[in-house]
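Numbering (our numbering), first residue to last: 1 to 148.
Please note that a few of the clues may not be correct.
Stated by the list, open to error - Listed next, with one range per pair, are the computed distances between beta-carbon atoms:
hint, residue 1, residue 2, range
1, TRP117, ALA94, 42 to 48 angstroms
2, LEU30, GLU68, 44 to 50 angstroms
3, VAL99, PRO27, 46 to 52 angstroms
4, VAL96, TRP117, 22 to 28 angstroms
Rather than coming from a laboratory, the hints here were simulated on the basis of the structure.
For every residue, glycine included, the Cβ atom is placed at its ideal position computed from N, Cα and C.
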Amino acid sequence: MHMKIITGRMSRRRGAILSMELVMIMPLFLVLIFSIVEFSMLMSASSRVSNAAQSGARLMSISGAAPEEVKAKVTAILGPALSQNCRIDVHPAAHVGDVGSVYVTVPMKNASPDLLWMTGFSLDSRSLNAESPMVMERCAYQEDSQKL
1 MHMKIITGRM SRRRGAILSM ELVMIMPLFL VLIFSIVEFS MLMSASSRVS NAAQSGARLM
61 SISGAAPEEV KAKVTAILGP ALSQNCRIDV HPAAHVGDVG SVYVTVPMKN ASPDLLWMTG
121 FSLDSRSLNA ESPMVMERCA YQEDSQKL
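Model the full assembly from the supplied sequences, consistent with the hints where possible.
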């Protein structure tokens with residue numbers, strides 16, 4: 001049985017190989033970690049945007065709330081970070097039984113830092129969208145402050 005004794009020269013070479021492996025693998029590992037973090041933050045924000053649109057549509061459907069009330073409710077659910085530069089479109093139905101909807105658009109930059117810009121996937125011109133249609137159960141709000 002022979003045992004090899006690693007000399008100083010051989011151990012330095014092994015250390016150089018390990019350093020080179022680290023240099024080659026680390027960028028891929030960081031991109032993977034950044035992807036996981038950014039995707040999870042965007043999925044969480046997407047769920048929140050969808051819930052806000054649903055809550056706004058439910059408020060409008062059940063109580064016949066004014067579009068301003070619906071927008072205030074949606075903005076409150078989104079919170080201060082997501083509600084910056086967001087667009088909330090409220091389309092109440094004219095009559096009971098018709099479908100009204102709430103459409104919410106939030107820029108992705110509000111939901112997550114742009115961690116993957118170096119790979120070509122940027123959040124600059126992308127947005128999270130949610131639409132929630134709901135049948136009106138109460139009289140729809142009219143602009144002249146009268147209920148139908």
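Going through the hints against the structure:
1. Between TRP117 and ALA94 the C-beta distance comes to about 45 angstroms, which sits within the given range of 42 to 48 angstroms.
2. Restraint check, LEU30 to GLU68: a C-beta distance of roughly 46 angstroms satisfies the suggested window 44 to 50 angstroms.
3. Taken as a hint, the range 46 to 52 angstroms holds for the pair VAL99 and PRO27, whose Cβ atoms sit roughly 50 angstroms apart.
4. Distance hint for VAL96 and TRP117: a CB-CB separation of about 49 angstroms, inconsistent with the stated range 22 to 28 angstroms.
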